[in-house]
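Turn these sequences into a full structure, and let the hints guide you.
Spelled out, the chains give:
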Amino acid sequence: MSDLDSDDSLLLEFEDDDENVSYLDTYDDGKPTHLDSDFAKVPPHKIDTDDSEFDIDESQFSGEDLEDDYLVFPVKKTTKDLLDEDSVPSLKYECLTTQEIFESMISRVHHLQPVLSLPSQDILILMQRYDWNEERLLEEWTEKMDNLLIESGLNTSGESNGRGVQNGKEFFCPICCEERLTETFSLECGHEYCIDCYRHYIKDRLNNGKIITCMDCPLALKNEDIDQVMGGASSARLMDSSIKSFVRKHSNSYKWCPYTDCKCIIHLKDTSSLQEYSRLHASRFVSCNMGHSFCFGCGFEIHAPADCGVTDQWVKKARLECENLNWVLSHTKECPRCSVNIEKNGGCNHMVCSSCKYEFCWICGGDWTPHGSSFYQCVIYKNGEKNKLVADTPKKTLRRYAFFYKMFTEHEVSAKLDWKLGETVGFKVKGLQEKIGVSWIEGQFLTESLKTLNEGRTALKWSFAVAYYSDPSHNLTKIFIDNQGLLSNAVESLSELLQIKSPEVIMKRKTEFYNKAGYVKNRTKALLECGRDLLLKGISKARE
Amino acid sequence: MSRAAKEYKAIIRVLQEGDEFYSQFIVCMEPKEDLTRWEALVRGPSGTPYEGCEFRLHLLLPQEYPMSPPVVKFEPYAMPHANVDFCTGEICLDILTKQYWSPAWDLLHVVQAIGQLLGDPVPSSPLNVDIANILKANDTNSYYGLVHYYIKS
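Each protein sequence line maps, in turn, to chains A and B.
If you read the first sequence in UniProt numbering, its first letter stands for residue 1, the second for the next number, and so on.
If you read the second sequence in UniProt numbering, its first letter stands for residue 1, the second for the next number, and so on.
Derived from the structure by calculation, the hints contain no laboratory data.
All of these numbers come straight from a predicted model, not from anything done at the bench.
Treat the hints with caution; some may be incorrect.
Each computed DMTMM-like pair below joins lysine to aspartate or glutamate, with the alpha-carbon atoms no more than 20 Å apart [claimed, not checked]:
hint : chain 1 : residue 1 : chain 2 : residue 2
1    : A       : K210      : B       : D94
2    : B       : K152      : B       : E51
3    : A       : K169      : A       : E179
4    : B       : K98       : A       : E343
5    : A       : K541      : A       : D312
6    : B       : K9        : A       : E179
7    : B       : K98       : A       : E359
8    : B       : K6        : A       : D196
9    : B       : K6        : A       : D216
10   : B       : K98       : A       : D204
11   : B       : K6        : A       : E192
12   : B       : K32       : B       : E54
13   : B       : K98       : A       : D216
14   : B       : K9        : A       : E178
15   : A       : K357      : B       : D94
16   : B       : K6        : A       : E179
17   : B       : K9        : B       : E30
18   : B       : K9        : B       : E39
19   : B       : K6        : B       : E30
20   : A       : K210      : A       : D122
21   : B       : K6        : A       : E178
22   : A       : K203      : B       : E64
23   : A       : K333      : A       : D367
24   : B       : K6        : A       : E170
Quick look at the structure:
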C-alpha cells in the first residue's frame, strides 16, 4: 500500500496531543480544530487547577439568570483526560477518491512491469485475479510462469491473430442463432460471435468486478477489447466495479463514505489501533473531504457515547416494528463478516457472501472450513441455542423500550429543527457584519455555538441508546441519567439563545453565548465519558 | 426465439439419430406447451446406484435465455442425490448460476452436465445432508441402500 501513502497533501491526520482538545473536537469537520481559537480563549467558567473542584468564579455570571445547573464541575485532567490521551490511540487516515485509487492501482502495475516484462494490460488482469496482492502474484509467478498466464486467460503465443472486431459480413451466430450481416468479435481462440451478443454478454458482467472471459473458453478480455466492443470507455465501468470489490475485500482498512452520492473512500493507515478502540468502547469517527462525518466501524452517523454494538442493536430494534425489517429478519441473515443482508433463495447451506466472498454455513453462521471436514452436523448452532438467555417478559421490556425510543426520536426531531436554525445563523452572522460592523471572524462565535449545539444534541440522542441497554439499578447508570438531564437543559437553553434575531441583542449577550456553549461542551464531554465508562465496566451491554 | 427453435431442431436430430454421446445421459427430451418449457428423462449412469432408473427433469427457459441460464429442477420427491433437494428437486450446480453460466452452452450441455452430476456427487456442498454424510464416510453399501430405498418408496 506504499503508493497510497505517498501523497501527503491528502492526509488528514488527527492527533490528540493538545490537552485542551476535547473528545468531540477531533472529528468535527475534517480539519484539526484546536480550541485555542478565539472561542475557547474565554472559558465559560474559570476552571481552577487547585484541589477544590467546585470553585467557581462568580464574576463570570451576570447574576440575574444564574441557575442551579449552571454550576460546572470542572473535569479534572488527572482522572478523565487520562482516558483520552493515554488509552485511545489517535486515528490516522486519509480520504481518497476512486480516481486516486485507480491511479495508485496503475502505478502499482507500472511498478511490476520491469519484473514481469508483460504488457501493462496483462498485468492488470493478473492483479485483478490476485486481488491486488503483489506478493502472492510474484510468488505464483516465479513458481508457474507461463502456466500462470494460461490459468489467468492470457494468450501466451505472442500472436494476436483474429483478435478484435471484424468488419460486417454474412454471419451465423451460434448464440442468437440469427444469420445476418453483422460485425463480429473474437479473441485468438477463434470463438466468434456477433457483436450484439457480445455486447449483451459484456454488459451483464461489467458490474461484477471480475475478469470477463470469452464465452466459450477461459481466455480473458482485456480493457482495450471491452472498449472496442462496447465503444467509449466502458472498461472504466469494469475498473470502477473492480475498485469496488477491492474496497470490499479490504474492508478492514478501506471504507466508502456512506453518504448518498459521496464517492470518497476513507483509508485507515494503521489498523493495529482498531482492537484498542473496540476494547475501550470508543468509536473511530472519521470525516471525508466533503465534510461527511461517520463512524468507520459501523458506517453509521456519529453515535457517541454509544459504541458500535449498542448503535447496531438500537437501530435494529428501532426498525423492528417496520414490516420490511420483519421480512428481512425472517428471510435473510447477515453475512457474519461484512454484515450484508443475504437472502437464501435456493441452493445448499454452503454460502458465499456476494459482497466479501466469505464462505459460511447458513445454519450456524460460522466459517465454512470446519464444516468441510466434520460432515454436516452443525454443532455450533445447537450449543448456541442452549446459551440463549431467557428473555424478560415481553410486555415490560416493550414499555421500557418505548420510553427510551420516544426520547431518542424527540432529540432527533429537535436536531432537525436545530438544522433549520443553522441555516439562519449564516444570515445572522452576515447581519452582524452589515448592521453593526462586526468582523466576520468575530461573528464566528455564532457558528461555533451552533456546532456545539449539534454535537450536544447528537450525544444526547445516542445516550438514550446507551441508557436503554444499561442496568437500571446500578449507581453509575443513575449518574449517567443525571448527566443526561444536565446536558439536556444546557442544550435547550443554548438553543433558545440561538433563536435571538436582533443583531444588537446578540452582540450584547455575546458572553452568554460563550458561557452557555462552553457549558454544553463540558457537559457533552462529561456525558460521553460517563457513557464510555458504562460500556467499559459492562454495565451497559448491547443485547437482543 | 430463433435460438430456442434452433436448439429444438438440434435436440430432435440428436435424439433421432441416437447420438452415442448424448444417449448415455438422455432418454428423451421434449418441449411442453411452447419452447420455453421442456421436460427430459435422464438416464441413471452405469456404475452408480441410479443405474437402470430414469429421472424426470423440468427445464424452464427465462426471457433472457441464452444470456441467463435455464432454470432446471428434478421432479419433486423423486431424486435422492447429495446435490439435489429431495422435496423441491432443486439442483446445486455451478453452471446453472448466473455467475458461471455462459451463453455458449445449450440445453444439451445442461442435461449432460446434470447426467454427469449423478455419477459425481459433490458432498461438500450438499442439499441432501443424509446422502452427503454417507458419501463422506465412504460407506458404499449404505449409499446404494439409501438411494434404492428412496427410489422404491
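B/K9 paired with A/E179 [C-alpha distance capped at 20 Å]: At roughly 16 Å apart (the allowed maximum being 20 Å), A/E179 and B/K9 satisfy the hint.
Distance restraint between B/K6 and B/E30, which requires alpha-carbon spacing of 20 Å or less: OK: B/K6 and B/E30 at ~14 Å, within 20 Å.
Proposed proximity, A/D367 with A/K333 (alpha carbon, max 20 Å): holds, 14 Å
Pair hint outcome, B/K9 versus B/E39 [Cα-Cα no greater than 20 Å]: Holds: B/K9 and B/E39 sit about 15 Å apart, inside 20 Å.
20 Å Cα cutoff - pair B/K9, B/E30: Holds - the C-alpha atoms of B/E30 and B/K9 are around 11 Å apart, at most 20 Å.
Given hint B/D94 paired with A/K357 - CA-CA distance at most 20 Å: holds, 15 Å
Restraint check for B/K98 with A/E343, where alpha carbons must lie at most 20 Å apart: Holds, at about 16 Å.
Given hint A/E179 paired with B/K6 - CA-CA distance at most 20 Å: holds, 12 Å
Restraint check for B/K98 with A/D216, where alpha carbons must lie at most 20 Å apart: Since the Cα atoms of B/K98 and A/D216 sit roughly 15 Å apart, the hinted pair holds (cutoff 20 Å).
Pair hint A/K210 and A/D122, alpha-carbon separation not exceeding 20 Å: holds, 14 Å
Hinted pair B/K6 and A/E178, Cα distance within 20 Å: This hinted pair holds, its Cα atoms lying about 9 Å apart.
Given hint B/D94 paired with A/K210 - CA-CA distance at most 20 Å: Given that 20 Å is the threshold and the Cα spacing comes to 16 Å, the pair holds.
No hint from the list above goes unmet by this structure.
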